[in-house]
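Protein chains: 2
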Amino acid sequence: MSAPDANLAAKLAVALVHHPVLNRRGEEVTSSVTTIDVHDFARTCRTYGVKDLFIITPIKTQQRLVERLSRHWTEGYGAEFNPSRKEALTCVKVVDSLDDMIDNLKLAASAVTLVTTGAKRSEAVVGYSEARRVLEGDGRFALLFGTGHGLAPQVMNRAGLRLAPIEGADRFNHLPVRCAAAIILDRLLGPKN
Amino acid sequence: MSAPDANLAAKLAVALVHHPVLNRRGEEVTSSVTTIDVHDFARTCRTYGVKDLFIITPIKTQQRLVERLSRHWTEGYGAEFNPSRKEALTCVKVVDSLDDMIDNLKLAASAVTLVTTGAKRSEAVVGYSEARRVLEGDGRFALLFGTGHGLAPQVMNRAGLRLAPIEGADRFNHLPVRCAAAIILDRLLGPKN
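The listed protein sequences correspond, in order, to chains Z and P. So the first sequence is numbered by my numbering: it starts at 1 and just counts up by one. So the second sequence is numbered by my numbering: it starts at 1 and just counts up by one.
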């Protein structure tokens with residue numbers, strides 16, 4: 001059995017957060033959307049059976065950029081040229097804020113647990129086997145990835161579950177967010193060895 | 001214990017192959033270098049302790065592009081601006097061909113086993129736990145990733161080991177190569193759950 005776990009995937013939403021995140025000086029900012037991240041997150045979510053990918057940004061022009069990109073591949077010329085890309089990008093939903101995402105998810109479940117990710121070490125984090133067991137519980141779960149230099153403390157403080165960082169050799173911790181997301185979805189939803 | 005396996009990582013090289021690969025019609029071609037792939041592969045290799053990342057292309061202008069990009073981050077302004085990026089990109093080596101890569105690796109070991117990856121299903125593939133056991137053997141191993149629509153048959157035919165594809169939900173198999181590489185290195189070198 002090497003396909004992703006469909007039961008866990010059905011309960012999990014993924015969010016790529018552009019606000020509030022930190023910049024390199026640790027200040028709270030709104031980051032710009034990187035279109036390749038939207039593509040890569042969508043393709044990875046589709047691979048692991050995750051149906052909801054929220055792109056969170058309060059900036060209207062950035063929202064329109066993501067909507068235009070998605071439409072190109074789901075309705076436009078791109079849909080015919082590359083049907084797999086269409087299939088991937090249908091999971092993309094653009095929302096203003098974390099609370100908008102939660103409202104959206106609450107339509108389908110009574111409880112939404114926020115699951116945070118980050119490169120920083122902390123004592124309050126849980127490992128991946130344990131997180132997998134938590135995902136077997138009730139309600140829905142939203143797995144949050146921060147752009148820029150990571151999720152702001154006000155987001156981390158709302159977490160029901162904080163995932164351990166991906167440990168690099170000699171504590172190197174500078175994975176691209178699109179690669180970190182792929183590894184984390186594989187650890188949470190991929191086949192157990 | 002959640003750090004990558006340093007013993008296995010020391011024996012493994014990674015290669016991003018631009019020739020010979022297939023295009024969407026299944027013809028053998030040379031693909032263009034995508035600079036974001038060079039960055040992402042370097043950062044993922046550094047995370048997992050892999051010291052040699054080969055960018056394989058016979059096209060001289062493309063080789064110069066990769067060398068210029070690497071130099072910017074390892075010697076130029078970028079090295080000061082972002083020391084982690086410098087650390088990642090020092091593993092990049094540009095070579096003309098698969099055989100050049102093998103010659104380079106043979107300086108350090110008597111035997112080099114080619115390990116291929118790909119999205120296509122086949123009967124001759126091995127799973128990740130088994131591959132991990134093989135990596136414990138003698139010699140060096142080169143893990144090959146194809147750009148475009150994958151490694152050409154002439155490369156697949158030289159494989160000492162063919163890795164199983166990453167199985168997606170409903171057999172969806174369109175991960176970006178940079179995300180597939182991150183997942184595969186985590187499965188081969190990451191912590192065992």
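Some hints could be false.
For identical chains, the list gives no copy identity; a pair is met inside one copy or between any two copies.
Within a straight-line C-alpha distance of at most 30 Å, the following computed DSSO-like cross-link-like pairs (lysine-lysine) qualify [unchecked claim]: (1) 192 to 60; (2) 192 to 11; (3) 106 to 60; (4) 51 to 192.
Don't read these hints as lab results, they were simulated from the structure.
Cross-check of the supplied hints:
1. In this homomeric assembly, residue 192 and residue 60 never come within 30 Å of each other (Cα to Cα): the closest approach is 41 Å inside a single copy and 43 Å across copies.
2. In this assembly of identical chains, the alpha carbons of residue 192 and residue 11 lie at most 30 Å apart whether taken from the same copy (18 Å) or from different copies (25 Å).
3. Taking identical chains as interchangeable, the C-alpha atoms of residue 106 and residue 60 lie at most 30 Å apart only when both belong to the same chain, with a minimum of 24 Å there against 55 Å between chains.
4. Taking the shortest alpha-carbon separations for residue 51 and residue 192, both the intra-copy value of 21 Å and the inter-copy value of 28 Å come in at or below 30 Å.
Of the numbered hints given earlier, the model fails hint 1 alone.
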